[in-house]
Amino acid sequence: MAQRYRLDKGGRIDRDRPVDFTFNGRAYQGYAGDTLGSALLANGVHLVGRSFKYHRPRGIFSAGAEEANALVQVGEGAATLADLKATQVELYEGLSARSVNCYPSLDFDIGEVNSLASKLFPAGFYYKTFMWPQAGWPMYERFIRKAAGLGEAPLEPDPDFYDKRYAHADVLVAGAGPAGLAAALAAARSGARVILADEQHELGGSLLSGRDEVDGKPGSDWAAEAERELRANENVRILPRSVVFGYYDHNWIDILENLSDHLANKPADAPRQRMWKVRANQVVLATGAIERPLVFRDNDRPGIMLASAARSYVNRWAVRPGESAVLFTNNDGAYAAALDMKAAGIKIAAAVDLRAEAEGELTQAARDAGIEVLAGHGIAATEGHKRVRRVKVAPLSADGRSLAGEARTLNCDLVAMSGGWNPTVHLHSQSRGKLRFDAELATFVPDRAVQAERSAGACNGTFGLADVLGEGFAAGEAAAEAAGFSVEKAPRPQAGNGKFLPARWLWLTPSSKPVGHGGKHFVDFQNDVTAADLQLALREGYTSVEHVKRYTTTGMGTDQGKTSNVNALGVVSEFRGVPIEELGVTTFRPPYTPVTFGAWGGRDVGDLFDPIRRTPMHSWHARAGAEFENVGMWKRPWYYPKAGEGMHEAVQRESKAARESLGILDATTLGRIDIQGPDSAEFLNRVYTNGWKTLKPGAIRYGLMLGEDGMVMDDGVTACLGENHYLMHTTSGGAAEVLAHLEEYLQTEWPELQVYLTTVTEQYATAAIAGPNARKLLAELTDDIDVDPDAFPFMSWREGTVAGVWARVMRISFSGDLSFEINVEAHNGLHLWQTLMNAGEKYNITPYGTETMHVLRAEKGFIIVGQETDGTVTPVDLGMEKLCSTKKDFIGKRSLSRPDMQDPNRKQFVGLLPDDPNEVLEEGAQLVETVKSQPPMDMVGHVTSSYMSPNLGRGFALALVKGGLHKHGQKVYAPMPGKTIACTVTSPVFFDPEGERLRA
Amino acid sequence: MKARYSIFSLARNALSSHENWPQAWRSPEPKKEYDVVIVGGGGHGLVTAYYLAKEHGITNVAVIEKGWLGGGNTGRNTTIVRSNYMWDESAALYEHSLKLWENMTKELNFNVMFSQRGVLNLAHTLNEVRITKRRIHANRLNGIDSEWVEPEQVKEWVPIIDLRGNGRYPVLGGSLQRRGGTARHDAVAWGYARAADALGVDIIQQCAVEGFDIEDGRVTGVRTSKGAIKAKKVGVVVAGHAGVLANMAGFKLPINSRPLQALVSEPVKPCVHCVVMAGAVHAYISQSDKGELVIGAGTDAYNSYAQWGSNPVTEDTLAAICELYPLFRRMRMMRQWGGVVDTCPDASPIISTTPVKGLYFNCGWGTGGFKATPGSGHIFADTVANDRPHPIAEPFSLERFKTGFLIDEHAAAGVAH
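If you're matching them up, the sequences are chains V and E in order.
Mapping of the first sequence onto UniProt numbering: residues 1 to 1000, in sequence order.
Mapping of the second sequence onto UniProt numbering: residues 1 to 417, in sequence order.
If you're looking for bench data, these hints aren't it; they were derived computationally from the structure.
C-beta: ideal position from N, C-alpha, C; glycine also.
You can take every hint at face value.
Derived, one-sided and incomplete: chain E residues facing chain V with beta-carbon distance under 8 Å:
1) Tyr5
2) Ser9
3) Leu10
4) Ala11
5) Gln23
6) Arg140
7) Leu141
8) Asn142
9) Asn166
10) Glu266
11) Pro270
12) Lys290
13) Phe328
14) Arg329
15) Asp408
Looking at chain E on its own, in the form it has when it is part of the complex (with noise of 0.2 Å):
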């Protein structure tokens, strides 16, 4: 195990002006052969070679990135974390990680800072009234937290808001999830890295897969930019280049890769208090720890690999924030940026065996992964050690594409497809 990391630890690495902090992960050189290799060092993709070697004891393990772990949408997005679906499978799913997700700190011995500040989802129309009272009234008698709260009670919970919306968007209402709220991402891939490393777990940077070794309809390795490795399973974690994998893999995927965008305003002191989202206009905020105002914009109309969107998304969700908070319009934009988003006709992942033995596919996050990195990589790696997909991720199979079976959540997914 490595150095515990604590307050203690830090005075007393404090008295050798802190050289003596071992490091947080390795950075070997691949080995010839792995039982498994994790393409792709995102969250999800830390957590599944994490739980590969603790629950099922496959440590022979390695997790190969093109760029830097946590570089893709794990270090991109806008840090939401909720569990309040509509469909069965999927609070399945969203739960299953949100319970993860409120003892990670603990088990990672790494605060990844994750605030249940909570999360509202504000209902501007009646029909938005209706889709909501639906989905809490599932979230209810699937054990879920999820509440109805009245405009006042909106307004006691950001109190900064309009909610007169100027007639046009008023407030009827939201749900409230008090358990969701928000993480500090990039703690979360590095605490995961750290852990994993820790089990044995060799994780490798600058490394970027450029084809898969497939046998008799099996696959026996990849091919990379640091040369072939052997490998008994591969299980592909790649938010925003999955359709890519599956091409040099020989299949195809239900995806549609997007630009999403978000934005950070200048840090100011304490003034949002939780996530609000906002659906109808597309406005979701909530301020980091640090104080900047964190505000997540649309996808881009078009299919582009490019990691950075279109201006009209900017203007559209920052009038939508000016809407709903009229005195954020004097606030300042500090940084604009962009992730590439792999999304499903039914809005829901794809967690499944493939065409290819051995070959696993996580992927299909849409705008809304990052709540799911625990979860998903827990199931995955249950799916990726036994062979056939978990019972929470069964119904998230490529086979729903052929049988039509479907989990629609685009009514509960954050942002608009």
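One chain only, chain V, in its complex shape (with noise of 0.2 Å):
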């Protein structure tokens, strides 16, 4: 029968939108406003997962984001999301589900004969056996590997995407109970920004699942007033489906909104999730408490719930978890669960209680109303496999740690039990914040604030619904007024007061046999840590509560302990006979609940992930069929392959036309700095290894950097475009980090000088063009700009108009040829390129690219920093030590002078020659001077670039070499797979040494 188990009334579900769902392939129906968890119970569904280890049947323990045991994969192929809970998954229409890590199925699980060996899988099984043979650990642990995990990652790409958001806020509460609630309206009547996030979608937190009144009238109507309030206020943002999950430095709060999770059709165009970044003035934690479980024998099995998650069933999805319920308690408010359940008509076979003397205000009105209480009690046993049928309960010894009489048994299918609360303290903690262990709750509770932050309410250890609205008020308040408003002080609403002490703290419940003997007490349900495993840890010497937990993985499941670590802790303390507050408590880190990657990732994957930088002649280059390198962040043309070529044949023939005629590049993405200010010139004195202060206006000179560690990290030319004014280009991939490490000198080490640095990089275009033509074309283009050597030498730079626009043309070179790169207005250089294209036809201009810029440059010798050097060569090591002033100081000069950089034997730049011509080495190859015939052997150097030139006819390389400077003629070889390629070590100058076409 549908939904059976609903009440005929009551709960904050809509009986008016019935919704269907499937669960483990059957389908059912349960109401909007219904949980995944709260709906099975409704139609009487228990049992609904596995547990991690013994394969135990489990079923929901809780009402929240607590659970352990209710693990579920929802939806599939590319949409399943894995290891949700249950009581956290909004029901909608279509929903489908199932259980996780069973095999073949939830009823039938393999698995489970895990179970009948369990007594030799205690706590750590795995560190003691396995070990033989050695080798078979492979095979043993793809054993393992399959049977561990929950559910399953999704097979395909996720159709969804995420948003990420800032915010700021005076006063950020995490958390819409009545003390979040309190918190928001106090702090937003004062003026302050709020924002107000909660997990849930609906706010009021406790006051939906109890029956408790505030100024009179159901708590769940003062939420509903409350928040009425809160949204006409157009400074408070309201966050339901959001958990505060993370509480960073400098009050950084991270703010995970679910967005479409809970809908049926979900919209194809709006984010699944957001994650919210906020900076907030001052914070208010909220956060609520978390009920904890008893430990007693086999309290795992599927109806033993929390009380508190009993209650909530009954009053606020109008559920009934069971028909005849025990309540087992050590504390007085879990009486209220009772008095619930009773009314909704279930049956209450006794009130087991460990307290001697049950007494409280609940316990009484139990008792009045004819609930049998058994004071002095505990469970010594349940039964039932895949529903508790009946517990077997028994009068305890005075120091709670024996049976004292005979076991007498109750039938049941719904055992509800309550050890008291924890406060969520989690994201105090996560603050830095202290805890203190508080001995009247017997848990832990929040000491000093390291952030500026309070705790309000239950998760402060406050727990009468007056005093934790009070307190909700006084923290929104005080929070406020610490923001800089001003703050009236709202009367406090009327409420009860009960709390739910008295208690008695027993930790664990004994059962006919020592811990360990017979049966289970489990403390960590989701991962199948038992009292005995907590034990056994102990006994071997793992007595740190971080040994304890590694050990056992004791509150390392997806729920990180939310309801084992306080029971952990306690069991612990009881059997070391070391009090709980002094051992201390494992670190909460965070997020509180998990984290969906994307939402982590938000907008910045696919296309966003690292941003893409085109040339403005990229659509030229896209247009003549480029192939693209990937070079820091841009995209450059690597090769123009023509019909029918492939990179070699393209390279040579761009190289060969670049010689011979004309080529042109594209060079827009070296790094342009833009340098300023009376000390300009000192400043690239200190930054660069040469001297700069001759250099006059409408001169180029090139420069080496160093790191402090004397190594080259970068180099380029610098024009002198005036008095104090200077142009800086870096390598395409390093301007970023040049522009950072001039940055930290100037801001850190060198604040006396004036100097102002700009990146301009993305100002220009730049078209390169280079070969013996290039003055010709130029000159075509150009009537105010005097092309004559005299007029225009090597190293200069001219202004003027080219192609009809401005240019600044500057005469250097990379590919060892007459060259001018000139330089126009971003928005130009398109333009630029199309008239050179144009008019350089006669010359049979050639646009060549990354790769033929690498084969002419290293013809020519010249280094690219970061293919010849990798941050471990030194400009003596190039064989460029005369760039080296030894009339100044500058970054690493002082580093350069450790005895290792004079070492003759360092590897050191040189040019290869394989004895072969048709030979061309592989880029990254080692070197040896002897052969052997197998490994180690004693490498002296790598080739650092190798290419096939059609100028020089052969295949040549660029190496660093040990000795190498000094080795020139002698032969190195580089054993390569299958055959060793000799060669000769050569200068690394192969094209026009003298630099003749260079200056020409």
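Work from the hints to combine the two standalone chains into their complex.
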């Protein structure tokens, strides 16, 4: 019968909106407002999962984020979601869910054999076995891996997208239960900008599950009124379905907002989730508390749940989680659950109370309602495989450590347990706030705050509703005041003030046998950690709480120990005879509940992952069929294959054309830094190895930049644009790093220098024309620049009009040939390029890409920083010692004086000619002087660049070789798989060694 | 010798409900004096003590630990083990270590779950291809297994990867070290602690060093929160705080200390079968035997001793993971944490004598110390025992920062420093 366990009235579900869904392939129906958990219970489905290690049948155990058992896979295909907690999944039409970690089915799970042999699998058993033979571990591991894991990762790319957003708040309130609503009201009334976030879709927190009254009306009505007031205030942002999951330095708060998971028809054009990054002036934590389970023998059977969960299911979702219930408690507060269940028609078989003297307001009310209270009793055993069927209840000895009488059997299908409450101190702890053990509550409560935050309500260890509301208002007022707002103290609402005390703190309920000898006393349900496991860890010397945690894996499941951590500490404390407060706690790490990777990535994926930079001429290159290379963030033409050409053919053609007539290269991507200020020359003098004070306007100079360690970090030419004004060029990939390097020195080491750096990389577009006909072409396109070699010598620049637009032409060369680099304003780049291409047609102007650029510069022996250098190469190693001024200091100079820098056997820059001219060495090939039949071999160097040169008519390479500057003419060998390539060490300059073509 | 661990001892102990297992290690009070005090009860320190006792006959040894053993970077890393480093000096060190890894479980009679599932380093740019090949050739000539894999082979190893990388970071190939893999980090600390303890080493937890006693330039003991302890020699192995302890001893180290982050997802059934590292986008991933995706993030941009990292680093790392593995966007991060890494300017460690006689430092492992654990401890023990650097340790002396003989492993070190 559909929803057989649904109550006829009450609850916050909408009976007019039935919702169909499936679970493990079976069709069910729930109502709008249900969670998957409440809907399953309404249909009488308790068995929903299997435990991690023993595959024991498990049921829904909570009603929220603390769920350890009811993990489900929701949805199929690309949109599937693993390891969701059924208690947090909002029901929607068509939802399909299934259990995880069971095979072939939930009802019949082969893995349950583990349970039969469970004695062989105590905590850490895997450290003690699977060792023979040692080589057998991969086989064991494969088996273990298959058995482990819970749900399944999707197998197709995520169809959804995610958003991120920054926000600022004067007061951020985490949690919209009574304390959070009160804090938000108080802060908002002061005029502060408030963000109120709650993980649930409805505000109200515990008020939605209880039957408490506020100001004489139902608590949920008060919550609704509070929400109305907040919504009417434009300074307030309410974020439902939004969990505050991370608390970082300087009041940086992370929130994950769910936008569409709960919708049957998910909009294609809206993000699935949004991550909020909030900087809050003040934070109020009102995150509530989580009920503790009790640790007793076989306390994990389906049908055993937290008393507060049972109460929530009855009151909030109008579900009877059982027909006949046993309450098992150590405190007075849990009787509220018994009373509410009874009122809903559930038979209360008995209330088993660990307290010898079961007293308290609610306990009395239960007695008055005719509920049998078994004081000083505990549940000594439970029975029932896929659902609890009966419990054995026995009186306890005075110290509570053993049974003191005959057990009595109670039939039931529901056990509602309560071991007290743990304030949700996660965010306080994440913020580095300290914790304090509160002996009265037997749990940790916030102590000193380190950041601008305050806890209010149950998360602060405050439990009476009137006190909670009062504390919420006070926290909101104090937060607003601290944020600079003037506050008028509001009257506090009237409410009852019952706390869950008195209680008796007994961490372990005894059974007929000692712990570990019969049945299992679970502490961590998901990871199947029992009290016996904890004791074993302690016995073996794993006494630190971190060791206990890691050895047993307690608290390391997807619930991150929300219900197990304090119980584990209690069991450890008792076994070791050390008070809990002396044990310490394990660190609370973010996130509070699991957070989608995609939300962390936000829009920074796909095209926006790492923005692509394209030059103004990009469209031309693309039309010309260029293949592109990623250089830094840039797309650079790599080569321009013509029909039928591969890379080799294209590069041979391009290289030849550039040497014989005219080539053209898009050089836009070079980094450009504009340097101005009276100390600019001095600054350049310090950051480059060579001298800069004599450089005149109109002139250009090449510079080598070293790191502090004396190693080459960048190179490029710098033009003197005018008095105290320079334009520095960096490598394409190094621009950002160089700018950061320069700024760091300016700001931290030399604040006295008046120098201003501006990145102008994207302000210009540059076409480099290179080859014997470069001058002729330039002359055709300019009237006002005298291109005569005497008027426009190598390493100078001129300003004028080229192709009808303003241009700064630099006579520099990276190809080794006569070359002009024509810089125009970026928006004129394409025009310039097209004009050059048209006018250059008669010279067979040939566009070439980075590969040909590499060939040409390598023929000339020009280095590329990052290719010939790797952070371990000095100017001396490159044979560029002359560029290191002896007259002045520069960054890296001191390091160059270290003895190893003078070692003649350092790796030095050379050329290589393979004996076989058709051979092209592999870049990265290692070089030896003596070839051995097998490794190891002494390596003397490696190939940094290697090409087939049409101009040289052979393969050639650049390399770093130990002592290479003095080894010209000697042989080295590259032992490759299958063959060894013999080469001769040469000068790295293969083309125009005198530089005649360069200066032509 | 302690009770041996095996399936038989498990079965035997099951009969007595596991109540008769002995302690894995004692928790003694410190003696007044030791031949050697090792400061730092992480993996490297425990291995050092183990080999001092096992190979050098020095059993009057204490390991003192500020917190709980294995609680520093040993218990915070992403457990990647490999030896495919570029320079001869590093290759010798990490390969020495890898060989010890291969026999560790047997040697310790403690299953450290060393899983040689293979480590893939992806190359996403032409420059990375060049550097990767250079490293592979160097590895090959050093006799270390390392091979180039083409994109199609990468896809076979990691079926879920997106080779196209949206055109921005396409997978152009990579290097594969089949002998590389992962291990259970805590088990390494515990296994060595148990083995060292069996050889007589005192492991003293909750014992913070407050200073060194130094007379005439020679160390004579350490002052600790549990009182003064005399020592003929002191070895310091305190990742994350080496600079602090060097200050106590009166000298400085060329070290930056920064938070490094890692995170894990919720556990899922096996879907990543080897370790995949992508330096260009900074996304390292493997899957633990429990099913969690284990993801290594980068270091923070500023120096700090905080054992947690900043938010933007997590964002960058997970964006990169989402980009390379678009189907993981729906996976969820379960826990994130940080550790403090001590990094040298050349991204290589320091294993060295110091200006103080009898005081030795083993530090500066940066982001990659876990893989070196057994080798590092082994040669450090030798260095301490013989008062001179072990031959493998020689290039890693403090002297190199004066001579300039740096071993720059930035290109091979996993995490960008």
